[in-house]
Each structure stands twice: as structure tokens, then as C-alpha cells.
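Here the structure of chain S is known, so what remains is to put chain V in place on it, guided by the hints.
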Amino acid sequence: MHSRGDSPASSLGRRPIVICESVHKWFGDTHVLCGVDLQVAVGEVIVIFGPSGSGKSTFIRTINRLEEHQKGKIIVDGVELTPRTKDIHAIRQEIGMVFQQFNLFPHLTALENINLGPIRVRSWPKEKAEKVGIQLLERVGIPEQAHKYPSQLSGGQQQRVAIARALAMQPKIMLFDEPTSALDLEMIKEVLDVMIELAQSGMTMLVVTHEMGFARAVADRMCFFDRGQIVEIGTPDELFENPKESRVRQFLSQILIH
Amino acid sequence: MRRLGRLLGASKDSSFRLIVLVVDITLLFWLISSSPGHADAFRFVSPSIWETLRLTLSSFPLALILGLLTAIGVMSNSYILNSVANFYVRVVRGIPTLVILLYVGVVAVPMLSSLLGITSLGGFNRAVIALALASGPYHAEIIRGGFRAVDKGQFEAARSIGMRYVQAMRFVILPQVFRITLPSIANEFIIMLKDTALASALGIVELTRSGQLNVSRTRDTFSTWNVVTLLYLLLTVSMSFGTEVMRKRIGD
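Heads up: the protein sequence lines correspond to chains S and V, in order. For the first sequence, the numbering used here begins at 1 and goes up steadily by one. For the second sequence, the numbering used here begins at 1001 and goes up steadily by one.
Each hint should be verified, as a subset may be incorrect.
[As the list claims (entries may be wrong)] Derived pair list, reagent style BS3-like, types lysine-lysine, alpha-carbon separation capped at 25 angstroms: (1) Lys148/S x Lys1012/V; (2) Lys148/S x Lys172/S; (3) Lys148/S x Lys1248/V.
[Said to hold, decoys possible] Computed spacing ranges between beta-carbons, pair by pair: (4) Phe27/S x Ser1083/V: 27 to 37 angstroms; (5) Phe1178/V x Lys244/S: 54 to 64 angstroms; (6) Ala1149/V x Lys71/S: 29 to 39 angstroms; (7) Phe27/S x Asn1187/V: 25 to 35 angstroms; (8) Ala90/S x Phe1087/V: 58 to 68 angstroms; (9) Ala1149/V x Ala182/S: 18 to 28 angstroms; (10) Asn1187/V x Gln200/S: 49 to 59 angstroms; (11) Arg15/S x Asn1187/V: 52 to 62 angstroms; (12) Phe1087/V x Arg227/S: 24 to 34 angstroms; (13) Ser52/S x Ala1149/V: 21 to 31 angstroms; (14) Ile1019/V x Glu68/S: 42 to 52 angstroms; (15) Glu138/S x Asp1151/V: 22 to 32 angstroms.
[Unchecked claim] Simulated coverage check for chain S against chain V, where a stretch passes if three residues somewhere in it have a Cβ under 8 angstroms from a Cβ of chain V: (16) 93-105; (17) 112-120.
To be clear, the hints were calculated from the coordinates, so they are not data collected in a lab. Just so it is clear, the structure is predicted and the values come from calculations on it, not from any experiment. Ideal Cβ positions, reconstructed from N, Cα and C, are used throughout, including at glycine.
Looking at chain V on its own, in the form it has when it is part of the complex:
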């Protein structure tokens, strides 16, 4: 038990999360075993967890790449790159994420597809693109912050031993940026998972939409939303333990 505690990072924060997780799992088990309505809801919605994970795993890397490019653009001296990046950030941050999903899914993708004369992308891909576009600016801000956090003297020290720009970046600056930004980026993964619920607006059958379908099927809002809520919590809290483990590893 102590080994587990140390692995999970025996801090007050972690113990609290562990309690939440244990209560969550216990509640879920109890509801499913004692109430046929909950059991039924669970059986119906739980397969959609897979779709939720698929969405998260697809759009997160895309968002990260987008964020990286945007960060480079924002930090760049080139007027064009700088303007494009800043424009993107301002537009996205000015629109609710749900609306971004709707706009990209219903307006932008079909319009661009017909303009470019290619077959329109499926719903899943539209959602992935929209989700990535919506979180890109936040990844960019984290990365930018990471660069700002590295002491200016680091680059000078690297140059003073004869390193070129690329070498200094590769061996001195970027490793530090990586270590600094990793916890925040990992947190963005969890945020992305929650954002996938918005894909329901495009009809993608992930966990939330599955819940809505179950409600229209059984009229049992109580069981459905209890189960869906507990499942989301289960996913996010267990992932946050993963971030904690990662944080320990990096902090060495």
C-alpha cells in the first residue's frame, strides 16, 4: 500500500484524488449491481468510451503540433508568421469551443471541401480538426511560457562553449522547455478529453451523445447521467494520476 502511495506521489493532493477515485468506483459498482436501470445504462453507454478516447488520442497530437507551430509563429520575427499566428489565436479565443465545433463541422469543412473539389471529411475527422483548432492556442501559450521560463544566460553559456543555434536549442534550451511544459501539456490532455463531449453536437457517438441516446431510449435521465458522470470522472482522475507519475519522473 505504501509502495502504491509513493508511486502515486503521496501528497495531500494525490490522497484526495485517490479518495475521489475510490468513491467513484465504489459508487459505480454499487449502482450497477443494485439498480437494473443503472446497469442497463452502463451497458449501453460504456462502449462509447472507446470513441471518446479515439477522439482525444486523435486530436491531442494535432493540437500539440498546431500549438508548436503557433508558438513559433508568435515568437518569430517574421511579420507574416507573427500575424498569422496571432490572428489564429485571437479568433479562436474569441469563440466558444462548442461554436467552433459547430462552425467547423457544419460550415467550414463542407465549404472548403467543395471549394477544393475534394470529398468532404467524415464527422469524426471534422470533430478532430475542430477540437485541435480549439485547443491549439492554449498549447501555444504553454510552450511560449516554457521558452520564457528558460534563463537567458543558458543560451549564452551554450554559445560560449561554441555551440551553434541548433545545437544550443537541441541540447540546452529545448530539453528545459520540455521539462517545464510537460505537466501543463499533460493537463491539456485531460482537458481535451472533457472537450470531446462537445463532439456530440456533431452527432458523433462518444460518451455524452451515447448518454443522450440512452435517455431518448429509456427516459431514465437519473441512471443515465449518474453513470455518464461517474465514467467521465473515472477517466479524468485516473489520467491525472498518470500525470503525477510523469511529474515525479521528470523532477529527478
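Excised from the complex, chain S in its bound form:
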């Protein structure tokens, strides 16, 4: 009984931290999200994959409300996201996001990039923010780059700083929007290694990616997105060994060739 939608997160024995029910979104007349149902449990790592234009990026951006959905329900950590939601900024502090284009602040050093949120949004004292910042740089493997500017860093280093920046806010959930798609091949591994460590440490992660090695290593579930809907969802084993939908099988065969 394979789900078109989703098996409830409670089946994993953990409480859901993200609940999406029948989420629809239109960009003008274009129907980009056509009824998405998904529940993400605390500590779960979900990989979202599928063809371009399928709505994967748009979907994860509705979770931190960088995009607004028009129909359906999205509940994050007990709070429903609506146009009337009181303090969306407070909710965003609990959700970290890593972008395909890194989006580091070019006028700040790596450490300053990481500290900006804690100091200005969470009002931490500078010493605390710096200490945590250095620790995070160590965690992502580049403490010596603390005082470099983004323009002086490689793509892989920049993305790792971006991950550290998101983690500095101590979020409960991390969203990744094709984090390695803009990287040269030799730098993909260093970023994926950081993400694997993060997954193993128990972070709740929603990752849009084509890196199937990553999915196989740490994903609890994978879902295939096509034309605004989750076509199939299951564990990596289920999807790689025996996908139920032909679209999924076809897509996987195409990308696993590389």
C-alpha cells in the first residue's frame, strides 16, 4: 500500500515537527504545488528529488514562508503558517536555510556572517556569538577562514560558512535548497560530509538534492516530486530497489547513471 501522499510520521515513533496538509500554491495562473501532504518527524532527514520545475524548491520555501501557500495547512513546530501569523520572524529563527547560491553577505567576514543573526536577532552578547561562531567554523572544517571575506573563499568553503550561519541560530529544522548544485564537482564532497555529520547528530533536515549517495547514506525517507505533487515516498531502500511508480524508476535510472 504505497502512499501517494505520506505515511504519518508517527509511524517512526516520533512526533511530527512539520505537518503539511493538502498544500496548494499558484504563481499567477500556474499551479505549482498541487496538494502536497507530508509529515516530518523530529530528527528525520527527508530528501526531496525530482525533475526541474516540479515544485521542490517552492515547496521547501513554503515551510519558512519565503513563499506563501494559498490553500491547505502548514504547521511548523505547533504553529500554523497563515497570512495572519503573528510573528513569522520568530518562527524563521527556528528554521535554518541553505541556498543553492550560498547568499553569503559579501561585506562581512565569514565569522561576521555567522554572528550577525545571533547578535542582531537573538541579541546575544558579542563574546558568546564569537565563541559559538568559531565552534561552528570548526564543525564545518574551516576555522582558519574566519576572517576572510566570501569573495576570498571557494564555493565549497562559502557553502560551509552558509551552513554554519544557519546553524548559529540554533534552529530546530534545517532546509537545504539544492546546496551542492552550484558547486564544482571536487567541492561537493566537503559540503555533503558536513551535511552527513549534521544528519547523524540528529538534526531535522529537509533536503532538495540530486545527490543520491547522500540520500542513501543518511535519508530516513525520500520523496519524489513531480508536477507539484509527491508521487512516491519511502525509505531509500524502498525507492532504489523497488520503486512503485514508473516515473520514479525512470528518473532514478537517468540520474544514477552518473
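Below, chain V alone, put in the same frame as chain S:
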């Protein structure tokens, strides 16, 4: 010497400017010391440099503020703000700066003063207002360009760490806009200095008008205009070094 070169930015552009400056100063000194006519002209016109600087320093901040407001208006979603800003830009860009000065100085200010029942502003203030009005649109365009140059992802990244609009502007967007627009704005300062020459049409005795007065006094057009030209060049080229130093500082 090398320290000076590095400070000034040892690029081909800067070395060329340095040559111009050195030639300028040398020529000026030589003319003043060898020709009584030039020396006399220099003594007469050089005090007016102060008025030129006063005009520039007064109207530049005003122009910048006007430009900022106009940029906000042009980028705004409000129909009223948008229309007013665009109207202002179109009108000013359609009239020669000299005519703007004349119109504001001779027609607009007296008319508005009598309409509002207040005492009419003096010539200096009229010139300052006119000059500011004339350059406002260019400052606005620079600022607008600065905003457009900031990547859209910057604002999203700021929001993703929980920043509100004002925080994102203050810590992420505006610092970048500032860095991007500073060289162009600094250049506008030099342009403003040159534009002050137009205030002569309103009778303000800045450097150019002073030159005209010297001509009517001595009939010596050669000496007068040599000196005035060299003095303007001296001012603008030395200021452009200041911009260069600033550019180096920001580029870090």
C-alpha cells in the same frame, strides 16, 4: 614617494591624474611668478574659491537627501510617491541646469516667497536650492542602481535567519548599497563643484563670476581665464584623489 603612490592608488589612471596635477600646479606657479597680470588675477579671484566651496558643501548634502527621497519615491509602490518622484525627475532632466538656476533664482523663489508671505531667500540660498534640485535626479539614479545591484538572495538570506525588514535593510542591504554607490556619489561631488560656476548667472561671486569681474576690471582675459581654469582643475583633480583613497578604503 612609493608610499605616496600606494596611498594615491598606483594605477595608470592615478599616475595620469598626478601628472595633470603636477603640471597644473607648476604652470600656475610659473605664471604667477613671471607675469604681473597673472599674479594680479590670482590675487583677485582666489578668495572666491571659498564661495565656490561654500556653495558645493551646502548644496551637495541637500542634493543627496533629495536624491534619496526621490529614489525611495521611484521604487515605492505608492502611486502618489511614485508619480511625484518621476515627475520631478522628468522635469529636471528636461531643462538645462543653467536655466534651472535662472528659473529658481529669478522666478520660482520670489514667487513662492510672496505666495507664502515670507521674506525672499538671499541669492546664495537660491543658488544652493537650484543646484540641489538640478542634481537630485542623478543622485536618485545612482542610489536606485545601487539597490538593483544587490542580489535578491541577500534579502532572502536575511529573512531566513529571522530578520525583519528594517533589520535586513540596516545590516545587510544598505551597507551593500552604500559600498556600491559611494564612488559614484563622490564623483557627483566633483560634478557639483563644477556646476557652481552656473551660480554666476545669479550674481553670486564664486570663482567664475570673480573671473568675469576681473575681466571687466582689467580687460585682461588671457591672464584671468588661465588662472581661473587652472584653479578649477586644481580643485577637481585633487578631489578626485580623495575619491580614489576612499575607493581603496571601501574595497577592503
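Hint check results:
At roughly 28 angstroms between alpha-carbon atoms, lysine 148/S and lysine 1012/V are farther apart than 25 angstroms, so this suggested pair is violated. Straight-line distance between C-alpha atoms of lysine 148/S and lysine 172/S comes to about 28 angstroms, which puts the hinted pair past the 25 angstroms bound. About 18 angstroms separates the Cα atoms of lysine 148/S and lysine 1248/V, which keeps this hinted pair within 25 angstroms; it holds. Taken as a hint, the range 27 to 37 angstroms holds for the pair phenylalanine 27/S and serine 1083/V, whose Cβ atoms sit roughly 29 angstroms apart.
Checked against the hint of 54 to 64 angstroms, the C-beta distance between phenylalanine 1178/V and lysine 244/S comes to roughly 56 angstroms, which is consistent with it. A hinted range of 29 to 39 angstroms for the beta carbons of alanine 1149/V and lysine 71/S is consistent with their spacing of about 37 angstroms. Our hint of 25 to 35 angstroms for phenylalanine 27/S and asparagine 1187/V is violated, since their Cβ atoms are close to 41 angstroms apart. Distance hint check for alanine 90/S and phenylalanine 1087/V: the Cβ-Cβ separation is about 41 angstroms, which falls outside the suggested range of 58 to 68 angstroms.
In this structure the supplied range 18 to 28 angstroms holds for alanine 1149/V paired with alanine 182/S, their Cβ-Cβ distance being about 20 angstroms. At about 54 angstroms, the beta-carbon gap between asparagine 1187/V and glutamine 200/S stays in the expected band of 49 to 59 angstroms. Between arginine 15/S and asparagine 1187/V the Cβ separation comes to about 60 angstroms, which falls inside the hinted range of 52 to 62 angstroms. Separated by about 47 angstroms at the C-beta atoms, phenylalanine 1087/V and arginine 227/S break the suggested range of 24 to 34 angstroms.
Checked against the hint of 21 to 31 angstroms, the pair serine 52/S and alanine 1149/V passes, with Cβ atoms roughly 28 angstroms apart. For the hinted restraint 42 to 52 angstroms between isoleucine 1019/V and glutamate 68/S, the CB-CB distance of approximately 60 angstroms leaves it violated. Glutamate 138/S and aspartate 1151/V have their C-beta atoms about 28 angstroms apart, which keeps the hinted 22 to 32 angstroms range intact. Here's how the stretch 93-105 of chain S fares: 9 of its residues keep a CB closer than 8 angstroms to some CB of chain V, so the rule of at least three is met and the hint holds.
Closer than 8 angstroms: that is the beta-carbon criterion, and the stretch 112-120 of chain S has 3 residues meeting it against chain V, so the requirement of 3 holds.
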